[in-house]
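S.K.: Whole structure, please, built from the sequences with the hints as guidance.
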Amino acid sequence: MRIGFYPGCSLEGSSKEYSDSLFAVAEKCGIMLEEIKDWSCCGASAAHNLNHDLALALPARTLALAEKQGFEEVVIPCAACYSRIAGTKQEISNNVATRKKIERYIDLTLEADIKILTVFEFLQKYIFPVADGHIVNKLNQKTACYYGCLYSRPKETAALEQIENPMEMDKVMVKAGATPIDWAFKTECCGAGFTMSRTDIVAKLSGKIIEDAADRGAESIIVACPMCHVNLDMRRPEIKKQLNKEINLPVLFITQALGLSMGIPADQLGLNKHYVPTDKVVTCIVKKEA
Amino acid sequence: MSEQFEPKIVAFVCNWCTYAGADLAGTSRTKYATNVSIIRFPCTGRIDFMLLMKAFENGADGIIVSGCHPNDCHYTSGNFHARRRWIVFRSLLDFMGFDTDRITFSWVSAAEGAKWAGLVDETTQRIREKGAFTDFKKLDCSTFEKISHDAITE
Amino acid sequence: MARIGVFICHCGENISATVDVAKVAEKAGKLSGVAYSVDYKYMCSDPGQTLIIDAIKEHKLTGIVVASCSPRMHEGTFRKAAEKAGINPYFCEMANIREQVSWVHPKSDATTQKALDIVRTMVEKVKKNTALTPIKVPITKTALVIGGGIAGIQAALDIANAGHSVIMVEKKPSIGGHMSQLSETFPTLDCSQCILTPRMVEVAQHPNITLYTYAEVEKVTGFVGNFEVTIRMKAKSVDHSKCTGCGTCWQKCPSKKIPDEFNEGMGFRTAIYSPFPQAVPNKPVIDRDHCNYFQKGKCGVCQKICPAGAIDYEVQDEFLDVKVGAIITATGFDLKHADFFPEYGYGQFKDVIDGMMFERLASASGPTAGEIRRPSDGKIPEKIVFVACAGSRDKAKGIEYCSKICCMYTAKHAMLYKHKKHDGDAYVFYMDIRAAGKDYDEFVRRAIEEDDVHYIRGRVSRIYEKNGKLIVKGVDTLMNGDPVEIEADMVVLATAVIANQDAETVAQRMHISYNKHHFFAEAHPKLRPVETNTAGIMLAGACQGAKDIPETVSQASASASKAIGLFSSNEMTREPIVAVVNRQAPPNFTSCTGCMLCMEVCPYHAIEREEMKDRTGNLIKVAVKVNAGLCQGCGTCVAMCRNKSIDLQGFSNDQMLSEVMALLNS
Amino acid sequence: MHEIIPQHPAGTLKSQMEEATGVIVSHCYQCGKCTAGCPLNEEMDVRPNQILRMLQLELPGYEDKILSSLSIWLCLACDTCYSRCPQEVKLSQVMDFLRQESIRQHKVNPKAKDILSFHKAFLDSIKLNGKLHEVGLTIDYKLRSLNLMQDVLLAPSMMAKGKLAIFPHQVQNTKEIAKIFKRISEGTKE
Ligand SMILES: Cc1cc2nc3c(=O)[nH]c(=O)nc-3n(C[C@H](O)[C@H](O)[C@H](O)COP(=O)(O)OP(=O)(O)OC[C@H]3O[C@@H](n4cnc5c(N)ncnc54)[C@H](O)[C@@H]3O)c2cc1C
Ligand SMILES: Cc1cc2nc3c(=O)[nH]c(=O)nc-3n(C[C@H](O)[C@H](O)[C@H](O)COP(=O)(O)OP(=O)(O)OC[C@H]3O[C@@H](n4cnc5c(N)ncnc54)[C@H](O)[C@@H]3O)c2cc1C
Ligand code: SF4
Ligand code: SF4
Ligand code: SF4
Ligand code: SF4
Ligand code: SF4
Ligand code: SF4
Ligand code: SF4
Ligand code: SF4
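Protein chains in written order, with our numbering: chain A, 1 to 290; chain B, 1 to 154; chain C, 1 to 666; chain D, 1 to 190.
DSBU-like, lysine-lysine: derived pairs with alpha carbons at most 35 Å apart:
(1) A:Lys171 / C:Lys257
(2) C:Lys383 / A:Lys155
(3) C:Lys107 / B:Lys31
(4) A:Lys245 / D:Lys113
Worth flagging that the hints you see were computed from the coordinates, not collected in a lab.
Remember, predicted model here, so these are calculated numbers, not experimental data.
M.R.: Next comes the structure, spelled out in structure tokens:
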């Protein structure tokens, strides 16, 4: 089966290392991902803040293209894109009138029956069954798995089993040999869409998250969303000001952490692209005992 | 002055709510049209819709069916079954081109004497405007009876 | 050939002022089958009744129609008169020409005509009437009480004290229910055990009460006055007739780490156990799921040491059939448990507990001997938060209703805490305070005014644990929606009162109805609040809906009085307005085809399957029959039957059709 | 960008909102759980539950107060409120609607200008390229918000790390995207 891949804008830009590491892990395990041709932006928060129809039309266009290109499943690693596209799929399949209207806007027909996979579902379904053969290292440290809003809410599109205390990512980290901590901010909001417009708010919300993780002894934070990554990794100067202290917790994408456990070189996983240095994660790696 | 048409209307009502409601209208001396006569059933659940057809066949111009409000049935759920049967029955009548506006389905509780009086007056007025009901009297109801009864009890 | 008499009443002038009664009488006299017709000033008066009786005798009438007031007024009166004259009372019908004619219409020809129409209709009906005899049902004067909580205890004692026998069935090893777990009770703060234990003992010792603990009702058949009940006596593995309750066995049992249900899991019990010191009966049972002998095949310690030789590993569940006349269902309630509140960490954090756990902590007989210590480390909390409506009034969690008792017990809990820890801080997050009972609001005010409990109006959004504290994130909606964050040592959730897990099964076994939350349904919410729709089965206590002890006890006494009332005569008489399935000669037996449609719609489960067999016992046909004891005469079954095999006495197909035809064909 | 803001039918703010979102404000029983969990409750001038309260009562002045509030712009659409609301009120959708209405009625709170500018710049970037061009977006946003200094220090390092593309990635047929925008702006004007 051909598995479609929707990078979304961030994975082409500021979070290129997320898609690089995802491809590296998939390749290692012999899984092929194929980018949807000519995809467009999902509209992110801006579209639904400003216009509801637009917020449906943009994701719908991509869904329609994926269908036309014959994919049955599409992996969407970005939480924001996932949320927008899954929500659109749901709204369109629940309401014929809406579907007709949107089809007119995008000038394409749409079944909305394509299966959308989050990065967890993708790992679970395609990587887990073969992972053990490829995992050579143990990430010998405590990690805080951070899920953010968009995987856990709203409930209609939530991709997590327990939305207040999800474990999907924790399971991946256990596979990678790390020790996920129990903490309080797994699904608190990091400030998401205010990355640029209200950095003060981002600093405050993300600051609380980083602080709680550090307080509970985490040595790194693992994320699965480019927006979370930007807020937690790039906004450190503001966060430092906000907290009045410097916390040097590195923030890794889940695929980077898993890649490390598979022995994929740090550079290939894009670890050099982060603001907070990731050396400590790399140095904590030990060989997995047989 | 042309004489006004006076329809004959039969009311099929339950003993506990609507019959008592009609009694209350009496005790309160509320006046209403003479066109409606009541036939008392223990419960709307007892009402066999074939009797409605018989009534039309025998010259009724309009019919009222009324019992306890939903959830207030003296027998818990008789009115619920009556309502379910009525929905099926009505769609069948509609399908056959029968003027279902000649049948009024209502709820009148034992405390609603005034509602009963209003219901009688409204129904009488409506049927008066429709005029005498002749279409159905010529029909042979027996085949219809069978079909519809099967449909209702499905 | 029918000879009908028609009696038109003037009702003083109530009827004659608008209806031309003489004309009605005259015209009625000409109707076919009418042998006599007369009008009179007051039919219901003594002379009026005598007139009727004499006419029946003199004119050899076979049936009568009295055209007067509503049958709801005087049907009984005239039926009695008919009976006195020597005809079956069900050959008397009334034409309602007062409430439904003379009082609602002006004097006119149309009014008189309508009165005549109604008379004619009833004449036709009475011609189709048949002789009916009131149904007499014998009554077994024993009551079954299911559930031994305070509701069951109260009901059993009331009935037993009235001189009737009672069989009580309790599924746990001891009676007492939830009340036995409570510390002190609102609104008086008296000790729960102190007021309950004497009554438990009274039940055990009452000569009229037979108590079966560790037992469940397996099957109920029959009808009011005549139920047949099968009771499953679960294997106790201890012969209670030999056991002296000395306690040696449970002191020595090596299987000691079983979470103690009575203490809500905060403590342990052994495999052979009596649930609490005041248990009734205070004799143990073996919990086979946790006993080494039953699980691993070795141990047998208790059998070896029991001085009375009471232990018997071989016994099996036994079944007992009993006959009872009335049943009181008093199976109580349950509380919503952990995993229900991921956002509050209930089930995740040890110090987030529910109300019943708090009761055990506050109870002198509890795991902390009445000191309020938190489960995680045994520290006495300095700051405690109570969360009301935890799961109740929460559509998103599937429970829209108010649990009714938690406002009160939360106030009680906060008070008990403050009484024991004077310098501690107690906060209650609430949405509304529902304390509408006698002395209830005063009780809540006392918590606020005298014990300094801080009530904050707003719902808590989240609770998480940090550095040994529970961070409670709420809001004060009375302060502009300002966020409130409290670092608490312990949180008590007033979790929703729900129906027992097996409530649905119990209801189905008893053929009683229940609502979507599985609370048992009363026959009428206001006027028959303790009866069910199945005659002879009553409800008591929290199995019908959340309620506190005063209300539970009132309802229990009320249902007991219903049973006592039933037992006050040797047999019951019921109106013969019941459904019957027709009977024909073999090999047909009946026109009923056994489609069972009637059975599905009968609200009283009065229709039963019947197998027709030939002389050699071969099954020929499956049909139905009506249990006249259960049938209430609604007639829903009749309208369902495709081939008119089932009919309602008094409102038969024939009678109703004649009425319609007569009404329309003048 | 205002040309693609939908024209709402006449009626009170509440009735329009209920029609557009399917949320029924009377379902809210003012428990405050939404506000209690909202990550920005401290920042907000009108708390989430209070917005619903004002919609419920519809007293004079409330509509203005809602539409010119800062809260509706601060809302991050994180859906914490909805996911815990006992009455299942979809507050985030209410907020979405109110933002659109606030723009339409020209009542945007002055303090929300930055946030609004960002959203608009974002959509313009998509309209132009079909995808988000982060450099273009940053420049555009800065021109609109006049918030020139912010992030200037970050941009060069982002480029160095290969995190920003100087030339925009484009969908093959950018006209198609522009057409979608056009159809919607026409469609919603009806
Ligand atoms: C935390 C808390 C605090 C409270 N505090 C107070 C207070 O201070 N004052 C007050 O007035 N009220 C208080 N209450 C309410 C009080 O507990 C109830 O009103 C009362 O217990 C109801 O009694 P019941 O007999 O109906 O039910 P229960 O006490 O639940 O008794 C039911 C009995 O039936 C048995 N049973 C269940 N199913 C079956 C079956 N299928 N077959 C046989 N037996 C069965 C059970 O084992 C149990 O023994 C409190 C409740 C709670 C939860
Ligand atoms: C405005 C209002 C609305 C209500 N609405 C509802 C409702 O919707 N649903 C509901 O469930 N409840 C309702 N109630 C409550 C309901 O009215 C009462 O629960 C109910 O009437 C109580 O009945 P009772 O027999 O105890 O008292 P009462 O109705 O007061 O009857 C007492 C009787 O005793 C007689 N009496 C008094 N003293 C003596 C004496 N010394 N000797 C002889 N006779 C005496 C009185 O004349 C009276 O007839 C409402 C009450 C009010 C005030
Ligand atoms: S040791 Fe024997 S007599 Fe004593 S309590 Fe146990 S079973 Fe009963
Ligand atoms: S046989 Fe079972 S109940 Fe008896 S002592 Fe051993 S473990 Fe306990
Ligand atoms: S009794 Fe009080 S705490 Fe309990 S559900 Fe009702 S309102 Fe809430
Ligand atoms: S007195 Fe009446 S209105 Fe007031 S709180 Fe009590 S029940 Fe409600
Ligand atoms: S008359 Fe009503 S109660 Fe009696 S058997 Fe028929 S449906 Fe049941
Ligand atoms: S509906 Fe009629 S035919 Fe069917 S089982 Fe009942 S009595 Fe028999
Ligand atoms: S949580 Fe829901 S019900 Fe409570 S105040 Fe907020 S919107 Fe209203
Ligand atoms: S969606 Fe908006 S209002 Fe709701 S919790 Fe998040 S920020 Fe607050």
